Amino acid sequence: MSKCLYYLRSMISHWIEWKEKCALALCSEEIQEQLRQFAFLRFRKLAFQYVHRTSVGNGQALVPDKKDAWHMFETHLVVKTTKQGKRYKDWLFARTRCSDDAPIDVIQGGASLIMRDVVREHLRREYSPNNMVSFNKPLSAEGTFTLEDLLPGDIDPSCEAELHEYEELAERHAKDVFRDMEQRERVAFLAKDIGVSLADKAIIQLAGCKKSVLNTAYHNFMKKIASKLINEYPDDGHESVLRLTMMTISNIKENVWNWGKSEKACAHLFAE
Amino acid sequence: MSKKKKTKLPELKIKSVPGWQKQRFARWLAEWEIDKELKLSKDVENDKRPTETTPQLCEQDVDNVIDPVRNEPPVRSGQIRLLSPEISPVIDRPLYVAVLQESKHDSFLAAPYSRFSEPASNGELLTGRKVPCVKVLCLWNAHSIPSNILQKSWMVDDLSEDEKNEAMTLFKHLTEKANLPIGLEKRVGPPIYHPEDPRKIYQQEEAELMKVVQERPDTAVTYHLEQKKELPLAAESRTPYETGKDLKNTVSESRDDKETENPPKHD
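Chains R and Y are the protein sequences, given in the same order.
Quick note: the first sequence, position 123, residue 123 per the working numbering, numbers continuous.
Quick note: the second sequence, position 238, residue 510 per the working numbering, numbers continuous.
Calculated directly from the structure, the hints in this document are not laboratory data.
Incorrect hints may appear among the rest.
[Unchecked claim] Straight line, CA to CA, 25 Å or less: simulated BS3-like cross-link-like pairs of lysine-lysine: (1) Y:Lys483 x R:Lys210; (2) Y:Lys436 x R:Lys223; (3) R:Lys83 x Y:Lys376; (4) Y:Lys436 x R:Lys80; (5) Y:Lys436 x Y:Lys376; (6) Y:Lys472 x R:Lys83; (7) Y:Lys402 x R:Lys67; (8) Y:Lys294 x Y:Lys376; (9) Y:Lys402 x R:Lys66; (10) Y:Lys449 x R:Lys211; (11) R:Lys224 x Y:Lys280; (12) Y:Lys308 x R:Lys210; (13) R:Lys223 x R:Lys264; (14) Y:Lys311 x R:Lys210; (15) Y:Lys402 x Y:Lys308; (16) Y:Lys308 x Y:Lys287; (17) R:Lys223 x Y:Lys280; (18) R:Lys19 x Y:Lys402; (19) R:Lys223 x Y:Lys308; (20) Y:Lys294 x R:Lys261.
No experiment lies behind these values; they were computed from the predicted model shown.
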């Protein structure tokens, strides 16, 4: 038997023993060593991917020792300490029934997926990039939105009249914009609004283009509305224009919805 | 839109966003950023070797250690259950759901737990539990799931009466505009307004998971619109301009308080 085959055979028996005995501490030393090594290597691989986003120079600093890596893995999904609370182990093994791949690959693949969540939780707690999320800086390199844009405050109830004016303007702008919308923009809008994936076959057929093109069309359209309104209201504050933009988009959604309902080609999207 | 016409917008008095909401959102975004980064490694699950070197061994041994879901207690409201990969092998994490209420047509209203530790939106509730996989409950993504599907799961724990009541209170708040008690207000995330908000991408991903559960062939028969009218399936997604039209069977959060405060012009 080759060394590799021997290793794989022994690994699967390690996983089985761990499942049967309920905790690694009850397994033999060899098994403890092998499974801890597995956890450590997976943890390290994932954590290293994130090191450039932290102030830690050396990726190794993000990685716990083998024992802790395994402990985090083993306890991450324990809802309670009884067997019932550790059903994730059954999930891990039951995946083998749904796959044609070798059981060892499926089990370790599932363990790696869990480990990804473990590492995310660890990084969140220990190395959370809170300092990277500024309230008034763009959230992404290419983005123009700040956290403040995404979380606008409530409008004071005393501004009812002003709000009504905004609503009228939004309705008017939406009507203009909707009239000039291309088919693919309308389809993208509709799909997003009703929660249908842009990759949906019916949506792609309706739009006459691929998902990626549709997605780009959607985002470009959003940018287009934003810049139109910025140009139209150059003397107004960012917050006021943003508020009007969002209200306009809501109105466009309504127009697109009505359009979708009246289009025969969209009927199946609304099918009961 | 006329480019030449320069109109001055009326000034609006805006209340400032509570600090805790900003902080919570910042923490969620941080978690989202980590998640995105870790997901860049597409081969995280991929240990596959050429078939000739992979031992197709021990299948029987593996089978023997799995507690079959058929031996699990019947689904009841008030349980936390872990969905079996049999429901869908494409779900890439152990998906825990809270069974909230028995509904008609032999179904149960069930809501998934988030993969994150912070509630993303006002449709997600901090449960008070410490374990990450059951820390945040996504009521916006609650669905009515036939019991024969939900039975393909392991019973993990019971919800306390408080947990159940709180979840149903938020669910009713999202679907029926019922008031949210002050105690719960601070246990949900900030509402989503902006169409380009990254939380929309997250919601899309999470909605897809539940869609996979719903779209199993054995669920299709029982899932019809008239059933939806009897039991709201989740907080609806078409936020601001409620037209009263029913729409598909997935529902995502969005008709939130804010929109009630700024009522649609044609209501």
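Verification of the supplied hints:
| no. | hint | in the structure |
| --- | --- | --- |
| 1 | Y:Lys483 x R:Lys210 | 22 Å, holds |
| 2 | Y:Lys436 x R:Lys223 | 42 Å, violated |
| 3 | R:Lys83 x Y:Lys376 | 32 Å, violated |
| 4 | Y:Lys436 x R:Lys80 | 18 Å, holds |
| 5 | Y:Lys436 x Y:Lys376 | 19 Å, holds |
| 6 | Y:Lys472 x R:Lys83 | 36 Å, violated |
| 7 | Y:Lys402 x R:Lys67 | 22 Å, holds |
| 8 | Y:Lys294 x Y:Lys376 | 40 Å, violated |
| 9 | Y:Lys402 x R:Lys66 | 24 Å, holds |
| 10 | Y:Lys449 x R:Lys211 | 35 Å, violated |
| 11 | R:Lys224 x Y:Lys280 | 20 Å, holds |
| 12 | Y:Lys308 x R:Lys210 | 24 Å, holds |
| 13 | R:Lys223 x R:Lys264 | 29 Å, violated |
| 14 | Y:Lys311 x R:Lys210 | 24 Å, holds |
| 15 | Y:Lys402 x Y:Lys308 | 23 Å, holds |
| 16 | Y:Lys308 x Y:Lys287 | 32 Å, violated |
| 17 | R:Lys223 x Y:Lys280 | 21 Å, holds |
| 18 | R:Lys19 x Y:Lys402 | 24 Å, holds |
| 19 | R:Lys223 x Y:Lys308 | 23 Å, holds |
| 20 | Y:Lys294 x R:Lys261 | 38 Å, violated |
When the structure is compared with the earlier hints, violations turn up for hints 2, 3, 6, 8, 10, 13, 16, 20 and for no others.
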